[in-house]
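**Student:** Listed below, chain by chain, are the residues.
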Amino acid sequence: MTMAIDIQHIDKLFGRTKALDGLDLQVETGTVHGFLGPNGAGKSTTIRILLGLLRADRGRVRLLGGDPWVDAVRLHRRLAYVPGDVELWPNLTGGEAIDLFARLRGGTDPVRRDELCQRFDLDPRKKGRTYSKGNRQKVALIAALASDVDLLLLDEPTAGLDPLMEAVFQECIREACAAGRTVLLSSHILAQVEVLADQISIIRQGRIVETGSLTDLRHLTRTSVDAIVDSPAASLATLAGVHGLQDTDGHVRFEVDGEHLTVVIRRLGDLGVRGLTVRPPTLEQLLLRHYGDEPARHGAVA
Amino acid sequence: MATVMVNQPVVAAPGQGGGTVTGTGTLLRFMLRRDRIRFPAWTVGLALLMGYFATALETFVESPEDLEGLTAFSGSPAGALFGGPGFGFDDLTTERFLAGQYGLYVAIGAGLMGLLTVVRHTRAEERSGRAELIRANVVGRHAQLTAALVLVTTMAAVVAILIGGLMASRGYDLGGSLLFGVSVGAVALVFAAVAAVTVQLSEYPRAASGTAGALLGAAFVLRGLGDMAAVQGSGASWLSWLSPVGWSQQTAPYVHDRWWPLVISLAFAVTAAAAGYALSARRDFGAGLVPPRPGPARAAAWLDGPFALAFRLHRASLIGWSVGLLAAGLAYGSFTQPLLDGFTDAPEDLVAVMGGAENLLDGYLGTMGLTMALAVGVYVVLAMQTLRSEESEGRAESVLATAVSRSTWIGSHLVVTAVGVPWLLLVAGVGMGVGAAVSTGDAGSFTGLLLGHVAHTPAVWLLLAVAALLYAVAPRVLPLIWVLLGYGLIFGYFAPILDIPAGAGWLSPFAHVGEHPLEEVRVVAVVVLTVLAAVTAQVACLVFRRDVVGRT
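If you're matching them up, the sequences are chains A and B in order.
Residues are numbered in the working numbering as their position in the first sequence, beginning at 1, plus a constant of 58.
Residues are numbered in the working numbering as their position in the second sequence, beginning at 1, plus a constant of 61.
Don't take each hint at face value.
Unchecked claim - One-sided excerpt, in silico: chain B residues whose CB lies under 8 Å from chain A:
| hint | residue |
| --- | --- |
| 1 | Gly356 |
| 2 | Pro367 |
| 3 | Leu370 |
| 4 | Ala377 |
| 5 | Gly381 |
| 6 | Glu452 |
| 7 | Arg456 |
| 8 | Glu458 |
| 9 | Ser459 |
| 10 | Val460 |
| 11 | Thr591 |
| 12 | Ala595 |
| 13 | Gln599 |
Hints listed in this document are in silico derivations from the structure and should not be mistaken for laboratory results.
For every residue, glycine included, the Cβ atom is placed at its ideal position computed from N, Cα and C.
Produce the complete structure using the sequences and hints provided.
**Tutor:** Set out below in structure tokens:
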């Protein structure tokens with residue numbers, strides 16, 4: 059299996075702040091890799107190192123088989139980048155910016171570009187300064203998706219998009235994946251990543267704390283259950299894998315470890331369920347699980 | 062319709078319901094709070110400027126003879142163009158000279174104060190979206206404009222009192238001093254009202270202040286032409302009466318002391334403000350009367366690389382500078398002849414700046430070449446500042462994430478700016494040449510002038526390269542380049558007067574090529590400066606290549 063991205067144990071210091079602390083990240087060619095972490099965990103720093111815009115203080119970085127610091131220009135022909143905060147030139151139209159980015163990268167497919175403009179519902183004739191945040195993001199996304207590249211580096215690409223556009227985005231990423239492209243998709247919201255990603259890496263305080271497929275990670279985590287039942291539910295607390303049970307007048311809330319779900323749900327059913335909400339773990343819960351009871355956002359760096 | 066049930070943070074006491082100016086008082090207090098630095102900076106700053114002129118003049122003029130010497134220049138057409146109609150200059154006193162020659166610049170400053178303040182509190186607020194929050198409260202449609210106009214009126218009154226008081230405190234006639242102060246304040250009022258109209262036209266604050274600023278410039282030129290005609294005793298001296306700045310100057314403080322021209326100013330301000338109100342009622346919130354036009358959906362075929370992008374980004378400013386320098390060249394060129402006439406008995410120092418009495422024509426044209434080179438130097442520094450904002454506003458990152466290397470990125474901007482240098486000098490030279498030829502009726506100096514202008518190219522290139530190097534080292538040290546430019550300016554102009562030793566000018570890039578046609582162009586200097594600029598630029602690219610993005 060070839061690796062589109064292979065980062066081995068890199069450090070990055072900004073002054074005295076350690077932004078990256080022995081980070082490892084491997085992304086297989088042709089997969090969508092979710093890069094998850096709270097704000098300030100080091101996602102953007104990692105992506106900028108992959109772009110050769112920053113240089114790692116220590117460690118080894120390979121991108122599409124090259125060194126991004128040395129071969130930046132050559133490698134940039136084969137990748138497209140969408141930053142989290144897209145800034146456009148105030149007096150260039152969105153259409154001009156799309157064409158320009160594509161040409162600076164080395165060519166684009168005009169048919170695909172127009173199709174994407176239509177799908178993302180973007181008016182390319184407006185000046186950069188008149189676009190909202192979401193529309194600026196669309197400009198960068200269209201420019202990236204219309205390019206014929208091997209790798210897409212997307213740093214929180216859907217932060218300003220509405221749910222409808224997010225659906226279009228997901229469709230486009232699936233198409234890109236079907237066409238054999240590799241995608242690194244960073245986000246701080248688990249839900250955005252889990253629908254698309256084959257593999258997920260979770261970054262916290264500059265290092266990867268979990269990596270694997272979503273199923274692999276789920277296995278390690280708890281599911282939140284929120285139910286309205288007829289009988290008293292105190293007995294559930296005695297079951298293996300049940301945590302933090304609360305029962306207020308028939309409204310039961312608890313968390314359960316993945317491997318014990320079957321037993322717990324069967325017992326819950328015996329209590330006479332009138333309402334039930336089962337939620338997958340959120341990123342915060344994943345991190346909480348990994349770091350005991352310490353709040354995840356505590357002490358994050360840069 | 063406006064029954065207030067909740068405590069409004071912005072509008073405290075709406076009083077009797079739904080007028081279009083409801084909330085003006087509160088907004089005014091809010092604006093005063095926001096402008097707690099700007100208000101004193103503008104008003105005291107303008108008074109200090111006048112105080113500086115007064116002190117400097119009194120130091121310079123020690124005897125009535127010195128004053129006589131000044132009349133020769135100030136009473137000439139050139140002096141009128143840059144000063145005023147010269148009321149009472151035949152019997153000159155210090156205060157007449159101050160009001161007649163320097164008053165113009167304080168008045169222009171007041172005009173800027175008026176128009177910038179109105180734009181800042183109306184269109185700029187609307188553009189940023191903050192005005193929407195305010196207008197959602199119990200605030201009338203016209204409250205913001207009204208509060209802004211009241212604010213400027215207050216500022217204008219303060220300026221009038223400060224300047225009037227300052228002049229009176231120096232022992233000048235009280236009535237004249239007050240009139241002078243009020244004339245300055247009137248310009249602020251008029252251009253605040255002009256801005257009240259221009260802010261309605263476009264969605265963008267820059268376009269609003271740009272249009273109002275252009276009108277201020279037009280007012281300056283109109284009265285200049287009129288005043289020139291007035292001192293020559295022939296021609297279209299009525300042009301001064303078309304200019305709001307002219308009205309203020311026509312009050313002739315310390316000479317005729319007439320107040321009635323200010324009635325025109327007041328009537329104009331009221332009419333313009335009324336037009337502003339009328340126009341604002343005809344447009345939607347946040348929109349302009351001139352709808353924004355959609356741009357091209359696709360990039361032009363030539364926009365296909367880093368150099369094309371750099372050119373596209375600098376294009377608007379290049380066009381603006383070309384037009385401005387051409388106009389400046391034409392204007393300065395066109396009073397070559399009046400200047401020659403006026404200078405025959407100017408003070409020695411002034412003649413020395415121009416290269417001595419025997420070479421007055423060549424000296425003037427040579428000095429103008431240097432002036433234009435310094436102006437192009439300003440263009441170059443501003444162009445490098447564009448680079449800085451490209452980086453700090455995150456657009457550089459997007460470009461560097463494509464197949465554009467760091468040295469290509471900075472290099473593309475350097476090349477485009479460098480090519481612009483000889484072009485702008487050429488344009489300025491053509492303007493000067495045509496103006497001078499028309500003015501003197503002799504086109505003989507045309508080619509010499511062109512050469513004299515374009516010959517400064519390597520000096521400006523070196524300035525550009527040093528600016529690029531400063532930027533490459535750290536963007537925040539870029540402003541240091543103004544020191545080099547200022548040094549070049551001071552040395553270029555004042556070395557002959559201030560007895561600065563020639564060796565001290567060695568470091569100025571502008572001191573080596575020679576001010577053709579007064580001096581010969583030194584080919585060695587041209588070559589050395591070009592090589593030096595090329596090497597410095599190369600070093601800048603190398604330094605920049607090893608650095609990261611997101612620097613400060």
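**Student:** Work down the list of hints and note, for each, if the structure agrees.
**Tutor:** Status of each hint after checking the structure:
1. Gly356: Cβ of glycine 356/B sits 4 Å from chain A, so the hint holds.
2. Pro367: This interface hint holds because 7 Å falls under the 8 Å limit.
3. Leu370: holds, 6 Å
4. Ala377: With Cβ-Cβ at 7 Å, under 8 Å, it holds.
5. Gly381: violated, 13 Å
6. Glu452: Nearest chain A Cβ about 11 Å off; hint violated.
7. Arg456: holds, 5 Å
8. Glu458: At about 6 Å, which falls below the 8 Å cut-off, the nearest Cβ of chain A leaves the hint on glutamate 458/B intact, so it holds.
9. Ser459: Since chain A brings a Cβ to about 6 Å from serine 459/B, closer than 8 Å, the hint holds.
10. Val460: holds, 6 Å
11. Thr591: violated, 29 Å
12. Ala595: violated, 23 Å
13. Gln599: Violated. Min distance 19 Å.
Consistency note: the structure conflicts with the earlier hints numbered 5, 6, 11, 12, 13.
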